[in-house]
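Visitor: Build out the structure end to end from the sequences listed, making use of the hints.
4 protein chains.
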Amino acid sequence: MTKEEKKDLIETCSSLSKKFAERASEYDRKATWPVKDYEDIKNAGLLGIMVPKDKGGLGADFLTYTKSLEQLSTGGASTGLTFNMHNITAGILSESETKDIGGSRGKAMNDFRDWALGEIVNERKMFASANSEPGIGAHFSALKTTYKKVDGGYIINGYKLFVSMLGYADYYVVAARREQSSGDLPEISFFIVELDNPGIEIEEIWDTLGMRATVSNNMRLKDCFVPNDKLFLGTEGLGIFKLTREPHWVIGGYVGTYLGICQATFDYMISHLKKKKIPGTDQSVINRDWVQRDVGRLAVELEGARALVYKAAKMVDEHRGKPETNVAIHHSKYAVSELAPRLASDAIRLCGGSGIAKSLPLERFYRDARCGGLMPATSDECLLYAGKSALGFDLTQIKETYW
Amino acid sequence: MTKEEKKDLIETCSSLSKKFAERASEYDRKATWPVKDYEDIKNAGLLGIMVPKDKGGLGADFLTYTKSLEQLSTGGASTGLTFNMHNITAGILSESETKDIGGSRGKAMNDFRDWALGEIVNERKMFASANSEPGIGAHFSALKTTYKKVDGGYIINGYKLFVSMLGYADYYVVAARREQSSGDLPEISFFIVELDNPGIEIEEIWDTLGMRATVSNNMRLKDCFVPNDKLFLGTEGLGIFKLTREPHWVIGGYVGTYLGICQATFDYMISHLKKKKIPGTDQSVINRDWVQRDVGRLAVELEGARALVYKAAKMVDEHRGKPETNVAIHHSKYAVSELAPRLASDAIRLCGGSGIAKSLPLERFYRDARCGGLMPATSDECLLYAGKSALGFDLTQIKETYW
Amino acid sequence: MTKEEKKDLIETCSSLSKKFAERASEYDRKATWPVKDYEDIKNAGLLGIMVPKDKGGLGADFLTYTKSLEQLSTGGASTGLTFNMHNITAGILSESETKDIGGSRGKAMNDFRDWALGEIVNERKMFASANSEPGIGAHFSALKTTYKKVDGGYIINGYKLFVSMLGYADYYVVAARREQSSGDLPEISFFIVELDNPGIEIEEIWDTLGMRATVSNNMRLKDCFVPNDKLFLGTEGLGIFKLTREPHWVIGGYVGTYLGICQATFDYMISHLKKKKIPGTDQSVINRDWVQRDVGRLAVELEGARALVYKAAKMVDEHRGKPETNVAIHHSKYAVSELAPRLASDAIRLCGGSGIAKSLPLERFYRDARCGGLMPATSDECLLYAGKSALGFDLTQIKETYW
Amino acid sequence: MTKEEKKDLIETCSSLSKKFAERASEYDRKATWPVKDYEDIKNAGLLGIMVPKDKGGLGADFLTYTKSLEQLSTGGASTGLTFNMHNITAGILSESETKDIGGSRGKAMNDFRDWALGEIVNERKMFASANSEPGIGAHFSALKTTYKKVDGGYIINGYKLFVSMLGYADYYVVAARREQSSGDLPEISFFIVELDNPGIEIEEIWDTLGMRATVSNNMRLKDCFVPNDKLFLGTEGLGIFKLTREPHWVIGGYVGTYLGICQATFDYMISHLKKKKIPGTDQSVINRDWVQRDVGRLAVELEGARALVYKAAKMVDEHRGKPETNVAIHHSKYAVSELAPRLASDAIRLCGGSGIAKSLPLERFYRDARCGGLMPATSDECLLYAGKSALGFDLTQIKETYW
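Chains as they are written, first to last, in the UniProt record's numbering: chain A, 1 to 403; chain B, 1 to 403; chain C, 1 to 403; chain D, 1 to 403.
No copy labels: a pair is met if it fits in one copy or bridges any two.
DSBU-like mimics (lysine-lysine), calculated; alpha carbons at most 30 Å apart, straight line:
id: 1; residue 1: Lys7; residue 2: Lys314
id: 2; residue 1: Lys322; residue 2: Lys6
id: 3; residue 1: Lys125; residue 2: Lys6
id: 4; residue 1: Lys144; residue 2: Lys274
id: 5; residue 1: Lys322; residue 2: Lys3
id: 6; residue 1: Lys19; residue 2: Lys7
id: 7; residue 1: Lys7; residue 2: Lys322
id: 8; residue 1: Lys399; residue 2: Lys276
id: 9; residue 1: Lys36; residue 2: Lys358
id: 10; residue 1: Lys358; residue 2: Lys18
id: 11; residue 1: Lys222; residue 2: Lys277
id: 12; residue 1: Lys222; residue 2: Lys125
id: 13; residue 1: Lys275; residue 2: Lys144
id: 14; residue 1: Lys19; residue 2: Lys358
id: 15; residue 1: Lys277; residue 2: Lys242
id: 16; residue 1: Lys314; residue 2: Lys6
id: 17; residue 1: Lys30; residue 2: Lys19
id: 18; residue 1: Lys3; residue 2: Lys314
id: 19; residue 1: Lys148; residue 2: Lys277
id: 20; residue 1: Lys30; residue 2: Lys358
id: 21; residue 1: Lys274; residue 2: Lys399
id: 22; residue 1: Lys125; residue 2: Lys42
id: 23; residue 1: Lys358; residue 2: Lys222
Everything labelled a hint here was simulated from the structure, so no lab data went into it.
Guide: Dropping the structure here:
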């Protein structure tokens with residue numbers, strides 16, 4: 001993308017976000033898909049944000065994507081987070097340079113890639129992910145969902161949690177372990193399951209503190225058949241290796257969302273404080289030096305987190321998969337995820353009693369903010385990763401990671 | 001109370017609390033009064049917890065009360081908080097030794113006191129408070145609600161926010177400024193307004209992040225007539241003086257509630273962690289040393305806040321109204337109010353993704369926890385009070401306080 | 001002790017402390033024993049503070065002792081810390097009720113106890129401790145110093161670190177492992193080594209950031225002979241059991257010292273701020289609300305730590321050795337040890353550039369403050385202990401502790 | 001500079017720093033100028049690091065300078081800090097594009113600039129600064145030091161604190177207020193005073209907690225004569241305007257130093273932990289997950305501060321003097337100054353008892369680390385600046401700043 005195109009894209013996202021902001025409260029309250037937001041995204045041509053230009057997409061780099069996601073998420077955090085789920089698939093595929101791989105495997109990869117990117121760009125289809133499972137979170141090495149080869153395809157059985165957009169998205173990338181494969185490094189593969197596949201069942205249990213409009217319900221797979229050509233990238237066993245070596249999508253994809261929540265919280269706080277008066281006076285509370293000082297501290301923390309997020313994203317663009325890039329991603333994931341609830345809590349304290357009314361967005365930010373650190377890699381996993389890295393452990397070794 | 005009576009009382013509260021816990025989710029969701037909890041409280045004879053024994057009550061001291069409230073609030077935070085609103089009135093009246101005051105003023109005080117305590121003990125009536133107003137919070141020196149003397153009573157006009165239990169409680173203690181009185185130290189008086197007084201109107205706007213079952217709606221007073229004998233303690237101008245000299249009820253009354261939320265959060269976290277497994281294993285996560293260490297830190301913080309709360313309550317019993325007592329109250333209010341959201345946030349982080357489900361209480365604790373620091377004295381007011389005190393300012397001077 | 005005696009004792013300590021404060025800078029700079037402070041302590045009859053009245057001492061309880069130590073340490077932190085080393089021995093002996101133990105073992109215990117307490121009270125002798133060793137800290141189960149039985153006594157060989165007062169104190173309680181004993185629970189015994197025992201050698205390496213006047217040098221024991229009657233309490237194998245069951249002396253003994261440092265830091269900060277002007281004005285900086293607010297926060301933290309320290313000390317007096325008492329000790333140790341450096345750092349920030357001059361005590365407080373969390377149980381060990389306790393581990397099991 | 005030149009410069013600094021590290025302990029202990037370090041700096045041609053290439057210097061940009069200073073300061077913090085004092089003058093002069101200013105004023109400016117840069121590059125002269133005064137810190141609007149015009153020059157009278165390198169540096173830039181000028185915006189000018197000017201007297205009072213080798217003594221100016229051509233940039237009244245509009249040198253100059261201290265602390269901690277064993281075992285403590293986690297958190301904080309420092313420096317290069325640049329400088333100053341003592345305190349806690357020995361550098365880092373937040377703009381001034389900026393105050397207005 002040219003510099004101008006990047007700027008335009010981010011501005012488009014910023015302007016869509018204002019519409020999302022108006023709808024966010026209702027989607028949150030009802031815990032329903034932000035369907036109108038998705039339509040705006042589709043109409044703006046953003047489904048292909050990560051798809052290479054030669055495949056009909058916008059061809060955004062990771063930094064531009066991160067900033068775009070941040071903008072979208074200031075208005076619609078759940079919208080942004082689920083849009084990112086779509087882009088995990090689009091992004092990984094776009095980065096997979098399959099052209100030079102020959103033979104039948106190369107063909108399978110190319111065919112799959114072309115099909116998937118085509119669905120996105122031409123058919124406006126959305127992709128979602130089904131990874132987490134009960135008791136193991138997103139730790140792929142312990143996956144209980146299995147697949148086995150059958151004629152013409154694969155049969156999957158298992159149970160998935162937290163499948164965002166389940167029921168709305170068109171396709172679900174499902175992670176499964178090959179039936180006989182076990183041990184520390186089981187063979188993990190991904191499959192594309194269509195929404196109307198009769199082998200899946202949706203269990204509607206989603207009712208949570210925050211990020212409610214992600215509608216992340218549970219998916220049960222019962223002898224779910226997937227044809228050969230819907231094996232992800234036409235290749236078995238891609239799973240853990242990819243996650244360990246290039247975690248920027250599954251870890252660093254949504255930091256933009258939580259940065260957006262932080263920014264929205266901060267902006268709302270500023271505007272609220274400007275209007276709030278010192279009790280019994282006409283003077284704004286922003287004239288109190290302790291208010292200035294608290295706001296100042298939060299500004300430093302916000303900019304510190306932002307600097308880590310942008311730095312990590314830029315490193316993905318320049319040195320994808322390098323150990324220092326992966327560490328930077330984990331740094332940024334931790335920083336922004338744990339800043340979010342702290343910032344929201346302080347913002348409520350500063351804004352005072354009216355700040356908790358459901359008619360204002362601050363209480364939603366407070367609820368949404370607490371969710372980031374629970375998504376993979378969790379805040380504690382990020383710290384262990386960062387610490388191990390600083391202490392000289394080799395994090396290209398899967399056993400040193402949390403997968 | 002004897003030692004044994006204190007123990008029994010606290011145990012009664014603890015056992016009621018288990019019932020409250022079962023109902024809390026529903027009351028929270030609907031934002032309705034916890035009516036069954038209130039009935040339990042009434043049936044257990046707790047309405048008179050602060051009423052002296054010679055007036056038919058339990059005659060609890062402030063420390064025992066605080067521990068009782070803590071217990072009640074572990075199960076029903078909104079129940080505890082509103083019950084405390086009732087006890088602010090009961091407690092202040094009980095502490096007011098009016099016996100030796102002679103003359104017509106003495107008679108008016110005694111009559112009022114006997115009437116009010118009698119309503120509580122014999123008629124099982126609940127009292128609530130109406131203090132806060134738009135733009136001034138609970139800063140009494142800036143009250144806009146006014147009263148004027150008329151034949152046989154007073155006429156009140158004004159608008160009150162955050163009136164907990166409004167619509168359920170039988171009586172409302174309304175703070176108002178004498179019409180012609182102004183300046184830094186206006187004459188503030190309190191009046192008892194009955195629920196069915198035609199001069200009040202309830203505006204149902206309550207819809208908040210947390211403490212939802214307190215149902216703290218707005219009250220509009222339009223030429224609201226109150227007869228002479230419903231002037232609080234038969235005395236005009238009690239207001240700011242009382243608040244400045246003996247803030248233990250209006251500030252320190254509900255720290256028990258937020259301590260209860262902290263304890264409930266901590267207990268739930270412990271039980272959740274014990275059941276949570278290290279992904280892919282049968283081992284509990286409590287075997288991880290970093291989990292132990294985080295839990296340890298939270299335990300120290302919780303016990304530190306508790307120690308401040310109990311110490312302040314004991315000082316109220318031993319040195320009511322002394323400057324050091326009032327400082328201790330503000331210390332404890334700050335400590336427990338700001339610990340609560342931090343603890344709840346960390347508890348969610350430690351418990352992981354399932355911790356945000358609305359089927360579990362943790363997400364409610366997280367929401368309720370953020371509200372304590374917004375109630376008077378707010379966390380920031382407490383810090384200023386504590387700092388001024390340490391720096392040698394004279395906080396018996398009203399201008400140095402936040403009233 | 002009567003209430004009056006307690007008050008007098010604490011006042012005596014407070015008044016001695018003012019003298020210590022005048023000398024502290026010089027002792028710190030030179031890293032020499034605070035000999036004049038020790039003489040004041042001896043002249044005031046404080047060596048026997050823990051010795052029961054019937055043995056000629058003051059018979060202080062643990063809470064009164066803690067408050068006394070706090071006072072002494074506000075002026076002389078190193079003095080207080082080393083005085084506590086003396087009292088570890090005095091206190092453990094005083095608590096050991098040996099009267100009813102019959103037979104030769106009972107006689108040996110009684111004789112030893114009478115001798116040691118007599119030395120303290122009648123001969124004004126000071127006791128020190130030699131526990132830590134290279135690479136193991138104070139983890140007794142891994143002690144490398146050994147002893148073996150010989151005719152008339154024992155021979156000890158080993159190397160001890162951080163022996164406070166080494167060269168000044170009259171007697172050293174040396175921990176050693178029985179030569180053939182090993183495994184998880186080796187037999188650990190204590191011996192009294194006199195200063196002029198030819199079997200010890202002092203290695204003068206002490207030169208540290210803080211607590212410099214404790215002069216905690218290294219002791220080498222080479223075939224050091226100790227006669228039978230200098231076996232601690234006439235009993236082998238006392239070690240780990242005692243430490244695990246009743247850690248109040250070795251863990252909780254010196255929290256009073258670090259609380260004293262905190263208090264001294266806070267008091268100095270207040271006095272400094274009162275004199276400090278807003279640049280270019282005659283107004284004190286204490287009129288700035290953010291200064292008040294920061295001071296307020298520190299006041300809450302200080303009082304929170306103090307409340308934990310006093311509560312734990314009171315529990316020692318009322319429920320010595322109970323699990324909840326031991327947990328409370330670890331809570332207080334952590335809270336006060338980690339508050340100290342944070343408070344000192346903030347105090348310097350608030351006091352500004354002149355606060356780092358060596359002519360003022362603040363910079364010494366900052367240095368001394370960092371040392372508390374390194375002494376057993378270290379801050380991190382305290383957290384693990386607190387966390388395990390909250391999570392239901394049985395900390396009477398030695399394997400669950402850090403010994 | 002080319003990319004290659006930048007890399008070489010930073011490497012040169014890194015390699016000099018290793019030598020500084022060996023000498024740092026002695027300079028710190030004696031509080032003497034790090035003369036050998038200065039010689040290394042001179043021999044490496046670094047005095048002219050900020051001098052434009054066309055004037056014979058290296059022509060470093062601000063980001064490269066910041067990284068160079070960071071490197072130098074990892075080994076010699078006091079060396080780095082004082083070297084920065086020199087570069088404040090060199091940098092401000094280098095940035096002052098005087099070429100196009102005509103007339104006698106232009107000539108005076110050019111002559112001064114050429115002279116000063118020539119002294120640096122050709123004569124290897126070092127410049128220092130004399131700004132702070134008793135009771136006002138570095139708040140220029142309240143300066144008490146005055147100057148008046150006399151024949152051939154100016155007469156200065158006053159008293160300056162914290163003049164780093166006083167007695168070693170060749171020239172001192174002294175800030176003074178024009179005698180008759182007062183009010184909110186007095187006329188502040190700068191003058192070059194040579195070391196051997198008989199009008200100055202050095203008061204040797206420097207003895208501090210940290211940054212001891214900066215030897216920042218006091219300077220008394222008694223009828224100190226300065227010839228016309230030593231008026232800074234040949235222009236009176238430059239002072240406050242410059243400081244308000246382009247604070248990057250006086251505020252942001254030394255963040256590189258404190259970032260260097262942070263990095264050195266972190267690096268030392270890592271190497272120490274790798275060698276430290278779990279007590280009684282041969283296993284390194286780095287295998288403990290809570291150690292990894294704590295190290296991880298510190299790594300995130302360090303990288304967050306670094307990201308802010310580099311970002312601000314880059315903004316200076318790209319948008320010097322813009323409001324957003326100035327805010328970024330204050331963000332970075334706060335972040336790194338307050339991280340430093342927190343990081344050092346945690347590092348000591350993690351490294352344990354041996355970490356406080358004066359034979360190891362950690363205790364010096366802990367002492368040096370606390371000094372950054374006291375230098376202008378102090379940490380609290382930075383927060384107020386950051387807060388005001390976020391709240392919409394106009395910080396190009398001098399009254400809104402701390403000058």
